[in-house]
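K.L.:
Given chain A's structure and the hints, the job is docking chains B and C onto it.
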Amino acid sequence: MVYAAEETFACSIDSVTRMADTIRNKGLNRVIVAACTPRTHEPVFQAALREASLNPYLFEFANIREQCSLVHMNEKETATEKAKDLLCVAASRAALLQPLYRISYKIIRSALVIGGGIAGIKAALSLADQGIEVNLIEKNDTLGGLARKIPETLEGEDVQGFVDALIQNAAENSLIHIETNAEFVDFSGYVGNFLSVVKTGKEGALKEIRHGVTIVATGAEELKPREYLYGEDGRVMTLLELDEMIEKDNNSVKNCDAAVFIQCVGSRNDERPYCSRVCCSHSVKNALKLKELKPEMDVYVLYRDMRTYGFKEDYYKKASDQGVIFIRYQPEDPPDIHAIEEKGKSFLRLTATEPMLGYRLEIDADLVCLATASTPPAGNKPLSQMLKVPLNEDGFFMEAHMKLRPVDFATDGIFMCGTAHNPKFIDESIAQAEAAASRAMTILAKDELTAGGPVSQVTTWKCSGCGVCWTVCPYQAISCGEDGISKVNEALCKGCGVCVSSCRSGALDLRGVSNEQTWSAIRALLG
Amino acid sequence: MSQLIHEIKEAARDFLRDGEDRTVIGFEQGSLPLQSRPCFIRKENDLERLVWNGFCKNNLAGYLPKRKGKIAIVVKGCDSRALVELIKENQITRDQLVIIGVACNGMIDRNKIEADMDGESIVDVEEGEDVLTIKGTNSSKVFDRKEYLYDHCKVCTNPVPVIHDILLGQRDSNTPQAPVNDTFSDLEDFSALDGKERWKYFTEEMNKCIRCYACRNACPMCYCPECFVDASRPQWVGKSTDLSDTMIFHLMRAFHLAGRCVGCGACEQACPMGVDIRKLNRRLQKDVMDLFHYKAGCNLEEKTPLATFRTDDSDSFMVEP
Amino acid sequence: MNESGQWKPKIIAFLCNWCSYAGADLAGTSRIQYPPNIRVVRVPCSGRIDPFFILASLQNGLDGVLVSGCHPGECHYLSGNYSARRKFALLKGLLEYVGVEEGRVQFSWVSASEGVRFAKVIEEVTSHIKTLGPAKILVKNIPGGSFDVSAHP
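Here the protein sequences line up with chains A, B and C, keeping their order. Under the numbering used here, residues 1 to 527 are what the first sequence spells out, in order. Under the numbering used here, residues 1 to 321 are what the second sequence spells out, in order. Under the numbering used here, residues 1 to 153 are what the third sequence spells out, in order.
Below, in silico cross-link-like pairs of lysine to aspartate or glutamate (EDC-like), each with a Cα-Cα straight-line distance of 20 Å or less: (1) A:K487 / B:E89; (2) A:K403 / C:E114; (3) B:K200 / C:E101; (4) A:K381 / B:D312; (5) A:K388 / C:E74; (6) A:K462 / A:D483; (7) C:K130 / A:E81; (8) B:K66 / A:E482; (9) B:K88 / A:D483; (10) C:K8 / A:E77; (11) B:K196 / C:E102; (12) A:K76 / C:E123; (13) A:K462 / B:E89; (14) C:K8 / A:D85; (15) C:K136 / B:E205; (16) B:K70 / A:D483; (17) C:K130 / A:E75; (18) B:K196 / C:E96; (19) B:K66 / A:D483; (20) C:K120 / B:E320; (21) B:K200 / C:E102; (22) A:K462 / B:E226; (23) C:K120 / A:E75; (24) A:K345 / A:E232; (25) C:K136 / B:D242; (26) B:K68 / A:D483; (27) A:K381 / C:E74; (28) C:K136 / B:D194; (29) B:K286 / C:E102; (30) C:K130 / B:E320; (31) A:K207 / A:D141; (32) A:K388 / B:D312; (33) C:K120 / B:D315; (34) B:K88 / A:E482; (35) C:K136 / B:E204; (36) C:K136 / B:E197; (37) B:K68 / A:E482; (38) C:K8 / A:E75; (39) B:K239 / A:E516; (40) B:K279 / C:E96.
By construction, these hints were calculated from the structure, which means they are not laboratory data.
Chain A with its partners taken away, still in its complex shape (with noise of 0.2 Å):
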């Protein structure tokens, strides 16, 4: 230890300026920080080493701030000697660091979006718009999604119009192949460099395509519950079906003298705890719609809680204003529903409790609609194992950080958008379509990527083949290499060091975290 320096705040521009200043003047070839976290601030840092031409892997933190000095505020003296361990741990692992390499690749500059909705395609558009090619790949016959089955939103707006243009716009695009009938059936690579395998058409085609990034944009489902005479009774519908109908056969509506909407079908409750966001405005905006249809027809709103949020709130009041009934109910006292066929008519019979009165009440309807779950199609868990990306709880996937990385995936180059990462809107659909685009040319922007760097490496004459590393690393990036010998993929190693610790035979060691480096730190604590 050549030179020490206090600092009042190390991360400020100044103080990384001397400290840059500092190695190259006293030659310094290692640097210990002793600080707040290296989660946070240890690019700030590697910074320094670097403008001072000094490898960034030459360095070490030691965390005395979160650690150390504000979790025992009241034991100054046992957490001094804390730190000066914790220093000791650093310095002893730092004699040791060794300058680390990033290697360098060229990537494909193509993307492939799976799903052919709302989100899918404006993801492919957008992207298109900035010069790349892009592979669409839909599992059905035709593109549009779930929204084809949406005429309209809450606020009026056309959708099949709006879904019409967006589906053209992407067929006239010359960067955009669209493939329908496409079926996944293997993807592999990492990211600049995946291939996935899919069958297409009626013929079943296996097609290769190469990729630099992947979106996922499968969307969700409206939930056919098992509730409420539902698929027993043909006058009980779900929203969705209700919207066909008014489109369709208003005649029928017309008849109607009575319909009730029961919200929450399937949704916040044990099997599904989530609320599925949407249903709460389609069924005001299906309310409004028999209203306008039929304005002496008597609607009730059997809800939980009304989450019209924002600007929705208007139609809320509204559809309260035209003389809509909404009615309260607690999950421990769902309504009850009879077919009924009394003097002559056949009807449906709800029964819920009214909670300012405290009475019991008879609703005689024509028409039931359910405002049922949005669900993750079942597609869902075999594409996210064979994408190797996680699921959340409720079968949706899950991104990388909920506020830091929204519509990333864990793993690099992969993105998503829409209703596959849960319940929304189609303008909160779009806005994160946009989003995956722009997060995915952080990626096709750039000519190549790094990869490497504190990952695994193996002493090849320890290494008996045995074939423990192969199996156990969650990217498969270590495999049987000629003579049987293990071989590091430096481009898929994320340096966990799960290989490391399962070799037997020593044969494997993790750049930055060595077995060395972490024997030195165990044993600079001496008992």
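P.N.:
Here is chains B and C on its own, set in the frame of chain A:
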């Protein structure tokens, strides 16, 4: 017995005649009574050296890692399971091998016999079906075979080879057989002891250890080009016979054998100091069975437990504040 | 051992960078107080932990070892903690079998959002090790050397 030896020799002969440049790994008479030793035969003339008796204790599978060419190997039950693990670990290929499996009736522990010789040296032995007649310097003694088996033979779950090209011999129904689903009853008393008493036992045992590494050398599953014991950067295990260093050697060797040890006892047989090495391996065999429902060497399909996982593996050992 | 002659345990804590280390940072930014006996070594994943690290810690006379990683299913490296879990289960059983006191070596799952939980884990592990007393089993004894436990009663 002589019929069995004849069958082994015939199988070996057929093998040698079937091609060029072949090796038979089997047993031959050792230099002392009650000793057999491994032999490597490449010519038909040498086949007469082959023996089969209650002293064929070595695990010949240990000679296979990275061996080239076609090999016929004589294996007992435990040896065959080691063979399965070695094939899975790419140390030998199945098609290199002609496996001459012999049903085993347990191997005789020479040390136990010697302990009951009243100080006489062993001059000669006659092995019968159920008894051994030992000629000492002064007198002849008769030993009940099943009482003088190795400890590991007494808890053997698979005396008949699980993998073979030829299967010879019969498991004698008189020899007590442990159930194929190991109950680990031999560990019950020890496990019931207090932690301090267990540490005391291991202290006594490991203080005997002279760090000769005969156990490691005899073990068929120890084949690493550089053993962790010889690593210097970092030096995981100190070279002294300080109890702490010795314990770490044995703990880590046992850990490296977790899910791979077949309980063949080669380690204990090789140990010159009589250290109770298998006490550690038995515990890990039990834990691997209880936690991961895996027994080493049963089939070629199952992945070794530490190379894989289940998402519902138990967390019960972890801190839950 | 410190000047006042009273034993204070020293516990090494291997924390995975993405979850447990982040959880420890959160405990810091939230100013949650916990006992000052742990010494953190950051690793990329709980799957990086080799049993040798744990044994080396015990051999060097550290009074306790904690390894903490991401909750199952949440590993940044997909399955690193699943692989680790099996090793830990076997190692813990083996160490306790030879007589290492139960609770000297501990494993936990703490996520990046669990600052409170991190502090609770440290509390529990530290207080348990205080009841066990200084580590003696597996500590290397070179007579008169710095490891000589008899010099520190």
